[in-house]
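Given the structure of chain P, go ahead and fit chain H onto it with the hints provided.
In the order they appear, the protein sequences are chains P and H.
Under the working numbering, the first residue of the first sequence carries the number 1, and numbering increases by one thereafter.
Under the working numbering, the first residue of the second sequence carries the number 1, and numbering increases by one thereafter.
By construction, these hints were calculated from the structure, which means they are not laboratory data.
Hints are not guaranteed to be accurate.
Copies of the same chain are indistinguishable here, so a pair counts whether it falls within one copy or spans any two.
[Said to hold, decoys possible] Once the Cα atoms are required to be at most 20 Å apart in a straight line, the calculated DMTMM-like pairs of lysine to aspartate or glutamate come out as: (1) Lys98 - Asp171; (2) Lys43 - Glu239; (3) Lys13 - Glu182; (4) Lys3 - Glu72; (5) Lys235 - Asp202; (6) Lys3 - Glu61; (7) Lys153 - Glu239; (8) Lys235 - Asp108; (9) Lys16 - Glu76; (10) Lys43 - Glu72.
There are 2 protein chains.
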Amino acid sequence: MEKINSLQNAHVKGWKKLQTKKGRKQQGQYLLDGWHLVNEAVKAHVAIRTLLITAKQLATEPDLTQFPAVIEISEEVASHISATVTPQGVFAVVNLPKAAADPLANLDLTRPWLLLDNVQDPGNIGTMVRTADAAGFAGVAFGTGTVDIHQPKVERSMQGSQFHLQLISTDLGELVARFHAEDKPVYGSELNPEAAQYLDIDAPASFGLIMGNEGNGMSDVLLAQTDKNLYIPIKGRAESLNVAIAAGILMFGLYR
Amino acid sequence: MEKINSLQNAHVKGWKKLQTKKGRKQQGQYLLDGWHLVNEAVKAHVAIRTLLITAKQLATEPDLTQFPAVIEISEEVASHISATVTPQGVFAVVNLPKAAADPLANLDLTRPWLLLDNVQDPGNIGTMVRTADAAGFAGVAFGTGTVDIHQPKVERSMQGSQFHLQLISTDLGELVARFHAEDKPVYGSELNPEAAQYLDIDAPASFGLIMGNEGNGMSDVLLAQTDKNLYIPIKGRAESLNVAIAAGILMFGLYR
Numbered sequence: 001m002e003k004i005n006s007l008q009n010a011h012v013k014g015w016k017k018l019q020t021k022k023g024r025k026q027q028g029q030y031l032l033d034g035w036h037l038v039n040e041a042v043k044a045h046v047a048i049r050t051l052l053i054t055a056k057q058l059a060t061e062p063d064l065t066q067f068p069a070v071i072e073i074s075e076e077v078a079s080h081i082s083a084t085v086t087p088q089g090v091f092a093v094v095n096l097p098k099a100a101a102d103p104l105a106n107l108d109l110t111r112p113w114l115l116l117d118n119v120q121d122p123g124n125i126g127t128m129v130r131t132a133d134a135a136g137f138a139g140v141a142f143g144t145g146t147v148d149i150h151q152p153k154v155e156r157s158m159q160g161s162q163f164h165l166q167l168i169s170t171d172l173g174e175l176v177a178r179f180h181a182e183d184k185p186v187y188g189s190e191l192n193p194e195a196a197q198y199l200d201i202d203a204p205a206s207f208g209l210i211m212g213n214e215g216n217g218m219s220d221v222l223l224a225q226t227d228k229n230l231y232i233p234i235k236g237r238a239e240s241l242n243v244a245i246a247a248g249i250l251m252f253g254l255y256r
Numbered sequence: 001m002e003k004i005n006s007l008q009n010a011h012v013k014g015w016k017k018l019q020t021k022k023g024r025k026q027q028g029q030y031l032l033d034g035w036h037l038v039n040e041a042v043k044a045h046v047a048i049r050t051l052l053i054t055a056k057q058l059a060t061e062p063d064l065t066q067f068p069a070v071i072e073i074s075e076e077v078a079s080h081i082s083a084t085v086t087p088q089g090v091f092a093v094v095n096l097p098k099a100a101a102d103p104l105a106n107l108d109l110t111r112p113w114l115l116l117d118n119v120q121d122p123g124n125i126g127t128m129v130r131t132a133d134a135a136g137f138a139g140v141a142f143g144t145g146t147v148d149i150h151q152p153k154v155e156r157s158m159q160g161s162q163f164h165l166q167l168i169s170t171d172l173g174e175l176v177a178r179f180h181a182e183d184k185p186v187y188g189s190e191l192n193p194e195a196a197q198y199l200d201i202d203a204p205a206s207f208g209l210i211m212g213n214e215g216n217g218m219s220d221v222l223l224a225q226t227d228k229n230l231y232i233p234i235k236g237r238a239e240s241l242n243v244a245i246a247a248g249i250l251m252f253g254l255y256r
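So here's chain P without its partners, still in its complex pose (with noise of 0.2 Å):
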């Protein structure tokens, strides 16, 4: 097996650069970091071109000895290419799926959607895609300037709901020309005088749902594409509800 100990390996090089999103993209690839979430992919039968672990780590599952795409890595090495303070040790190089022509092929419709419109924080993404899974929605778009969806901690949050759902990187105006097509509604969440509480609204079984910027909200082009924009009642004195909390209360609430 072979062992990899030096940062300054051109491997390493490579596996540090896969936490930008230039680096993903010349190379094809993305990591996983921590056991949760490799397992998950094995699960979801994602092909892992390379296992990376720490001698730590192989020591408590030591058949991994046997396949041919092991490295061990040293915990240094570990702590360079990883994004986290304290990795675990293990890690999975993963290829990134085809970018296909049309992002918007063989997207399940049957069920709701969430939109990302220019959403920021990469914990709060993660979350969103998590409970989106919870929710039961089809999938998650990222609209154009929303963090990008193999980001490391993107990635981490997700813990594993990412090979649950369909997740797809394209601009929301056609994706909501897409919903209008079929006849389906998208909601927007944006405080309006139109707006409507979102308990009012008897929601059909396909939607898209927009969750906007964390400061500024929807962008207006958007805004102007949604059939309704829904708001969540605040009874006490907080001036907004964090995105991902929104997003978990408007999609349980529409969902059923």
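Frame of chain P; chain H shown alone:
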């Protein structure tokens, strides 16, 4: 106006110690970090002992130089005493509320309470307090084992809601007994054979809702004292919901 530039200054050492529970207890003070929290404290008429501010921030609010209890600090001091990576450069030193002989005296039990049983993540805790505020809850009880109310990351993620509702540290069993003494139900959030779907519950105007530890759930002792355990139906393949998301769905679902 006093200026402090040295990390060796005794005041600086004291402020730094406010990051720990022990330091806060010894000094009877805690620190609010950033304009938003400082402004919320002023709005809530919280007595500010001392305002600490960098020259850069002072330039945006020059009138502050008139006040006696303002100290100009260097950027280095600001970084040292802040628990954030990029502090704004403004802090308020605030007295800890006096520990009441009976923390359960003077509680508003006419509206619901959120009870945190051994919750560990400061961001989750702060977000739950903010959400409880938005949902119109009367207060949040921090049970034994739960991270301290005045921990800097908890303070920050409460985003001002700490000044809008009652926050207490207490043995949760005693608070549950108080609810029961007034014939008000207390709901757990642990999946078990007798658990009820949260939407099937017709919650009264006041109740307790307990959220448990992120990994291990609620303690058995507390679980035995609940009137009902509630679950959120998971439709997809996510194993669980983030505790703050679950709390948001339950709070807004039960208290409309």
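Results of checking the hints against the structure:
When the C-alpha separation of Lys98 and Asp171 is checked against a cutoff of 20 Å, the pair qualifies only within one copy, where the shortest distance is 17 Å, while the shortest distance between copies is 54 Å. Taking identical chains as interchangeable, the C-alpha atoms of Lys43 and Glu239 lie at most 20 Å apart only when they sit on different chains, with a minimum of 13 Å there against 42 Å within one chain. When the C-alpha separation of Lys13 and Glu182 is checked against a cutoff of 20 Å, the pair qualifies neither within a copy, at 47 Å, nor between copies, at 64 Å. For a Cα distance limit of 20 Å, the shortest separation of Lys3 from Glu72 inside one copy, 5 Å, qualifies, whereas the shortest one across copies, 53 Å, does not.
For the homomeric pair Lys235 and Asp202, the shortest alpha-carbon distance between copies (19 Å) is at most 20 Å, but the shortest distance inside one copy (22 Å) is not. Taking identical chains as interchangeable, the C-alpha atoms of Lys3 and Glu61 lie at most 20 Å apart only when both belong to the same chain, with a minimum of 16 Å there against 58 Å between chains. Proximity of Lys153 to Glu239 under the C-alpha cut-off of 20 Å is restricted to the inter-copy arrangement: shortest distance 19 Å between copies versus 27 Å within a copy. For the homomeric pair Lys235 and Asp108, the shortest alpha-carbon distance between copies (16 Å) is at most 20 Å, but the shortest distance inside one copy (36 Å) is not.
Only within a single protomer do Lys16 and Glu76 lie at most 20 Å apart by alpha-carbon distance; the minimum there is 12 Å, versus 31 Å between protomers. Taking identical chains as interchangeable, the C-alpha atoms of Lys43 and Glu72 are never at most 20 Å apart, the minima being 22 Å within one chain and 57 Å between chains.
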